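Protein chains in written order, with the UniProt record's numbering: chain A, 1 to 418; chain B, 1 to 418.
Read the hints as simulated data drawn from the structure, not as lab findings. Be careful, since some hints might not be right.
The list treats identical chains as one, so a pair stands whether inside a single copy or across any two.
With a cut-off of at most 27 Å between alpha-carbon atoms, the simulated DSSO-like pairs for lysine-lysine come out as follows [to be verified]: (1) Lys50 / Lys122; (2) Lys215 / Lys385; (3) Lys102 / Lys385; (4) Lys385 / Lys197; (5) Lys330 / Lys376; (6) Lys197 / Lys215.
The structure displayed is predicted, hence computed values, not measured ones.
2 protein chains.
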Amino acid sequence: MSAEIICVGTEILLGDILNSNSQFLARELADLGIPHYYQTVVGDNPTRLKQILAIASDRSEIIILTGGLGPTPDDLTTETLADFFGVPMEENLDVLEDITRKFAERGRQMTPSNHKQALIPKGAAILPNPSGTAPGIIWHPRAGLTIMTFPGVPSEMHLMWEETAVPYLKSLGWGKQIIYSHTLRFWGIGESALAEKVAPFFHLANPTVAPYASKGEVRLRVSARAPSQAEAQQLIQPVVEQLIQIAGTDYFGANTDTLSSVVGQLLKDANQTISVAESCTGGGISSMLTNIPGSSDYFLGGVISYHDSVKTSLLGVKASLLEKWGAVSKPVAKQMAGGVRSLLGTSWGLSITGIAGPGGGTEAKPVGLVYIGLAKPDGKVECFKYQLGKDRSRDAIRHASVCNALDRLRRRLEGSRE
Amino acid sequence: MSAEIICVGTEILLGDILNSNSQFLARELADLGIPHYYQTVVGDNPTRLKQILAIASDRSEIIILTGGLGPTPDDLTTETLADFFGVPMEENLDVLEDITRKFAERGRQMTPSNHKQALIPKGAAILPNPSGTAPGIIWHPRAGLTIMTFPGVPSEMHLMWEETAVPYLKSLGWGKQIIYSHTLRFWGIGESALAEKVAPFFHLANPTVAPYASKGEVRLRVSARAPSQAEAQQLIQPVVEQLIQIAGTDYFGANTDTLSSVVGQLLKDANQTISVAESCTGGGISSMLTNIPGSSDYFLGGVISYHDSVKTSLLGVKASLLEKWGAVSKPVAKQMAGGVRSLLGTSWGLSITGIAGPGGGTEAKPVGLVYIGLAKPDGKVECFKYQLGKDRSRDAIRHASVCNALDRLRRRLEGSRE
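Excised from the complex, chain A in its bound form (with noise of 0.2 Å):
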């Protein structure tokens, strides 16, 4: 048993709209534990859809159309669906009425192509639309297939799947196992490194474990199916606490944590401050601290030292460095860190010196090459150098130097020594 998704729409194909609908229902149909293999986007044509309304019959029990239903002569998928099971479409008067009193109520002037919305297939059930004018239909053209149809607008199409679709759907006896997520997240190591370190855990079955990477962030996803929340989480608990000894480090936390979350916990944990200087990240470890509620606690502010007289008159950074070893070297970044942290007066100071690209390269000092200054509590600094890849944009260089600055502070405040 497995359900299938089609999405009809020409502008889909014209790709004036992105087809968020998909994801919508993808993601119910996962949390309903209902098997589904397939999702298709078709245009406002009577034949093809047909056509895929052949394929969908043949290979899944549940079809779940969206778009379609609206009342201009474009919208063809009710009576399309009449047509291919070769059924009659009769008006239903409360579907009329229903669309009558809507439009007296928003003040609006009924058209005939209104009427048309009241046309269903002989013996379908209405799926009741509360919030536009166009309903949806719930029919069993034969035996063993389910048919849902839903409008495309997508706030119209979210109220009327959880008002009716998922009663129904749970009526018939779907979410009583139910599938439930737990994802890993990692920085610091690339995916297929991770996948070899946890290999053998691709071939589970309950729970699965499969493995994403986007942005240089790793994610691991361990998903289990059980009859409820309690019973998944148990499943996945010890696979969970083994990926996280393998991983080590790298694992920073898990679902909707973000590295500036979990530092964020961490220093607000340890009662400490930072204070934050960066030059080609131009304030982005400062906006991914601050974009967490409540940074007030631990981000007293920072400087943006682009310049070099910023440096050298906000940030204290000698000017015979920054002759000697040029603004992005190891002494400047130190020297940036540790005199934001004075400045400021926190317990730590981050900064960052380097060259996003795409010009200012050189050959000794290549476009991706990143400085990383840490200012610790005891006043001791570090240095990290990074080389990242001469291929990258200067978006992803200065989106991987941001997460790097704060993956080092991560680990030092969890103690780490890598």
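Please arrange chain B on chain A, whose structure you already have, making use of the hints.
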């Protein structure tokens, strides 16, 4: 002749990620004039992917696949393609060398699983990936059928599409009737207000005019179909001029322009510099300004004055003002802007202080209250007050505040009194 898109990835079926690749490719195919009638999503499952390939290769002449090219065991797109068409896989030494070099450059250890990424079906050509390790292929497994594969990572896929796929498709004769678009960008006016002002333009046939809105920015996309870009531009130009005229100062730029790139160009043209003092946006203005390559020409630096002590010690905001009016107030915003301008010796000083939420709001100063200070080259300081909707997220309030600040600076640089 038509193309179709197949996105491979269980993470899409689970609803973990939004399928933005389909939208990108759909728009690109439209621009090239290549008909495209179907999009499919399928999981990392060879049996089901083969079923989809059977359907797709029967109805389309170009099949574009994204996802499943990574190094982990669940990345199966390439080998499933080879298996489906009954062709052996071969190690491509150029690809192996390229992957080896990229790992070396990043100082990362290459693992045996990365070798897998150098295996391609015999007879397929490489579709190079300049920014990642996984290359794609361009392959004619049989006469009249073209297969192209891309990694699922959007940034890598976009670059590969633009650098190799587009020239290839053009060499096959596509893109002769091209769709050329010019996007006008607006800040400071809502979508419906702008739409009403330019309503008659929405009925044009060639070029067409369509509105979009995203994160407070409104865009009008003017698209013409013509045999060449020059001819399309001729159709577009008079419409663009009229739209800009009607919109007035709310129009800030076109196509890839951003508020920060426009402000940067205006500062460069005027040979002026800027510094920034930020509280609630925590580095967001600085980060956006320095996202532009070459921004060191006009952006000297800034102060993140998150804690009030930083406002007094670095920016010279009087403690008495903070006590009397509070940190989120017109007098404090003005002293912050004047203070950072003096401190860094720049032509302009831009400041923000506000309540980003979700906590910290009061009856008198609700979440979303933001003051923007602008110290001008003549030493005078202006202040602008915003009350952003209380129902907006912290992220949204911070983003809108950064854009409002840049937009105020833009209007002054353009000499507008609005």
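Okay, the hints, checked on the actual structure:
1. Lys50 / Lys122: within (18 Å within a copy, 37 Å between copies)
2. Lys215 / Lys385: within (19 Å within a copy, 36 Å between copies)
3. Lys102 / Lys385: For Lys102 and Lys385, the Cα distance is within 27 Å only across copies (18 Å; inside one copy 50 Å).
4. Lys385 / Lys197: For Lys385 and Lys197, the Cα distance is within 27 Å only inside one copy (25 Å; across copies 54 Å).
5. Lys330 / Lys376: within (16 Å within a copy, 37 Å between copies)
6. Lys197 / Lys215: within (20 Å within a copy, 41 Å between copies)
Against the hints set out earlier in the document, no violation occurs for any number.
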